[in-house]
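In order, the protein sequences belong to chains Y and D.
Per this note's numbering, the very first residue in the first sequence carries number 8; after that it's consecutive.
Per this note's numbering, the very first residue in the second sequence carries number 2; after that it's consecutive.
If you are wondering where the hints come from, they were derived from the structure by calculation, not from laboratory data.
Check the hints yourself; a few may be wrong.
What the hints assert, rightly or not - In silico BS3-like links for lysine-lysine, alpha-carbon gap of 27 Å or less:
hint, chain 1, residue 1, chain 2, residue 2
1, D, LYS354, D, LYS330
2, D, LYS321, Y, LYS81
3, D, LYS142, D, LYS175
4, D, LYS377, D, LYS321
5, D, LYS377, D, LYS142
6, Y, LYS81, D, LYS330
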Amino acid sequence: MTISGHSRAFLLMISLVGLAGVTAAQKEDLGVISAAPALRAEGLIIARCSVCHSADLIAQQRLPRARWEATVEKMEHWGAEISNDEADLLVRYLSARYHPGAPDQLPPLDSEFRKAEPLAQEPVAEGPLTGVAARGAGIFEHNCQACHGAMAIGGMGPKLVKTPILKHEELFLEMVLHGRGAMPAWSSVLSPQDIADIHAWLVTR
Amino acid sequence: MNEEPASRSLSRRTLLKRVIQGLGVTFALGHVIPRVMAEAGGVSKNEADHLIVHVARPLDAETPVQEFVSYLTPNSRFFVRSHFGPPPAEPLSDPNWRLSVSGLVDRPLTFTLQDLKQFEEVTLTAVVQCSGNGRVFHRPKVPGVQWERGAVGNAQWAGVRLRDVLAQAGMQTKGRHVQFQGADRPVVATVPLFIRSIPLEKALHPDTILAYEMNGRPLPLLHGAPLRVITPGWMADSCTKWLTDITVQAEEAKGYYMQTAYRVPTTPVEQGIAARGQSIPVEAMVVKSLIAAPQEGETLKSGPVSIQGVAWGGEVKVAKVEVSLDEGKTWETARLVGEDHPYAWRQWQLVWKAKTAGTFTILCRATDDHGQTQSKTSPWNPSGYLWNGWDRVTITVAA
Chain Y
8 MTISGHSRAF LLMISLVGLA GVTAAQKEDL GVISAAPALR AEGLIIARCS VCHSADLIAQ
68 QRLPRARWEA TVEKMEHWGA EISNDEADLL VRYLSARYHP GAPDQLPPLD SEFRKAEPLA
128 QEPVAEGPLT GVAARGAGIF EHNCQACHGA MAIGGMGPKL VKTPILKHEE LFLEMVLHGR
188 GAMPAWSSVL SPQDIADIHA WLVTR
Chain D
2 MNEEPASRSL SRRTLLKRVI QGLGVTFALG HVIPRVMAEA GGVSKNEADH LIVHVARPLD
62 AETPVQEFVS YLTPNSRFFV RSHFGPPPAE PLSDPNWRLS VSGLVDRPLT FTLQDLKQFE
122 EVTLTAVVQC SGNGRVFHRP KVPGVQWERG AVGNAQWAGV RLRDVLAQAG MQTKGRHVQF
182 QGADRPVVAT VPLFIRSIPL EKALHPDTIL AYEMNGRPLP LLHGAPLRVI TPGWMADSCT
242 KWLTDITVQA EEAKGYYMQT AYRVPTTPVE QGIAARGQSI PVEAMVVKSL IAAPQEGETL
302 KSGPVSIQGV AWGGEVKVAK VEVSLDEGKT WETARLVGED HPYAWRQWQL VWKAKTAGTF
362 TILCRATDDH GQTQSKTSPW NPSGYLWNGW DRVTITVAA
């Protein structure tokens with residue numbers, strides 16, 4: 008199936024979900040959102056919201072647009088690193104998927120969409136990547152530090168300095184891309200090159 | 002009780018587990034975290050695997066209501082709620098942890114846990130309930146953790162009186178509120194701290210305690226080790242966990258968790274409209290009851306069915322529990338059974354003769370000594386606190 012095929016199916020899915028049990032007052036909440044921005048929004052949730060709380064807290068809400076706006080605004084005020092454009096995208100996505108008429112059990116976002124969606128950065132390169140430690144320090148600070156602490160000494164998430172997995176770069180890449188346990192998947196935010204850079208920086212620590 | 006002992010060894014084991022998993026297969030795609038993986042902040046599988054997890058991190062998990070056939074809720078099955086998750090175990094451990102008492106007192110003091118144990122010990126059984134318990138039932142829906150019925154439990158707490166500790170520090174007459182702060186911290190420093198206060202009258206009440214034991218065991222990490230506040234009869238937003246700082250002050254605590262969150266409007270608000278008028282902090286519990294058996298969706302044989310559950314009224318005793326099998330048209334009074342202590346819940350039972358096959362909805366409602374009775378639904382409020390609508394379980398009687 009092509010990406011555009013996926014996009015159409017996704018659009019349809021959100022629309023159908025939206026039609027279940029809708030009142031006139033709720034109609035304005037049901038902005039339709041297509042696959043590409045939806046996946047960007049999901050990536051933002053992983054990268055920016057789940058720094059502080061797992062995404063299940065979001066998925067259990069069923070709120071009208073005004074309350075999503077207020078919630079996103081509150082999170083920005085509390086330090087969520089999102090630009091105004093990103094905040095707008097989040098509000099659009101959240102009020103399309105998690106509106107008051109949405110059923111309790113939503114179908115999961117098909118993992119195929121995630122695979123089909125090209126990464127925000129460069130595509131997966133063939134062969135081993137060479138990480139650049141100097142770049143990795145900055146990427147770590149922006150994306151990983153909130154959980155793993157400044158200089159990777161640990162915080163709410165485990166310490167990464169000298170952690171055994173650093174000796175297995177392939178496993179490290181897999182784990183960061185797809186997540187494990189409390190660690191979210193970063194495949195829609197970080198490219199393999201970014202992860203290689205973070206790895207290169209971590210092994211110097 | 003068979004809960005895990007010290008949390009310190011757990012976190013070491015969790016770390017080891019992480020390392021082992023790190024070298025093994027990678028996890029499934031996506032960010033859905035299975036309940037058994039709720040391990041951030043030293044939370045192990047064993048501490049949470051009897052609970053229904055609403056938020057994996059920081060852990061928010063409720064007790065399945067069928068556990069409430071037992072008078073005391075075991076520590077390992079007691080609901081878990083905090084804003085930031087438990088702090089690291091090390092600063093809470095015995096040689097490191099201190100309680101500071103300051104503010105409008107004559108002698109600011111610092112206590113170790115041993116120091117605190119010099120005061121007279123008090124043991125009491127009390128319900129602890131999240132203010133948002135039942136939030137999922139409010140219509141229109143409201144934001145927040147979508148708690149169903151089990152963000153509540155009944156435990157025996159042992160500790161010392163807050164008033165004894167305050168007396169040693171020497172309360173000044175200007176002090177009107179007592180503020181609590183725990184050792185838990187947000188991931189991002191710009192998020193407001195969980196700082197709360199209670200008015201002096203409740204702080205000086207002889208039953209308000211600083212608890213270090215829960216059901217005869219040292220307070221588990223998830224429940225506030227080594228010390229938490231217990232304000233019997235009040236909602237759990239006053240029961241600060243991982244307590245480190247007590248401050249006597251003239252005013253209510255400032256900040257989000259006292260001035261914005263955990264408040265309800267003083268006058269009924271239009272449904273769906275965010276509150277703008279006067280509000281007051283969530284304090285005392287309201288009368289409430291739950292059906293613990295039979296369970297939702299259960300299929301029973303015809304014949305006598307024991308309908309049982311619990312009811313509590315916070316600071317007020319439970320006077321009566323009633324059961325309806327006709328959507329509230331008629332009610333039959335249940336028998337109050339078991340132990341009867343202030344602040345604890347009361348168990349109740351009613352034997353129903355299920356004669357005909359079919360689907361039945363069992364409702365229950367309680368009335369307290371002040372004559373307050375549960376209504377079908379609770380007053381709507383923008384954050385969904387204090388739900389105490391009739392409890393409801395639908396079962397099938399087999400042919």
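Hint check results:
{"no.": "1", "hint": "D:LYS354 with D:LYS330", "in the structure": "18 Å, holds"}
{"no.": "2", "hint": "D:LYS321 with Y:LYS81", "in the structure": "43 Å, violated"}
{"no.": "3", "hint": "D:LYS142 with D:LYS175", "in the structure": "42 Å, violated"}
{"no.": "4", "hint": "D:LYS377 with D:LYS321", "in the structure": "16 Å, holds"}
{"no.": "5", "hint": "D:LYS377 with D:LYS142", "in the structure": "17 Å, holds"}
{"no.": "6", "hint": "Y:LYS81 with D:LYS330", "in the structure": "44 Å, violated"}
Hint compliance for this structure: hints 2, 3, 6 are broken, all remaining hints hold.
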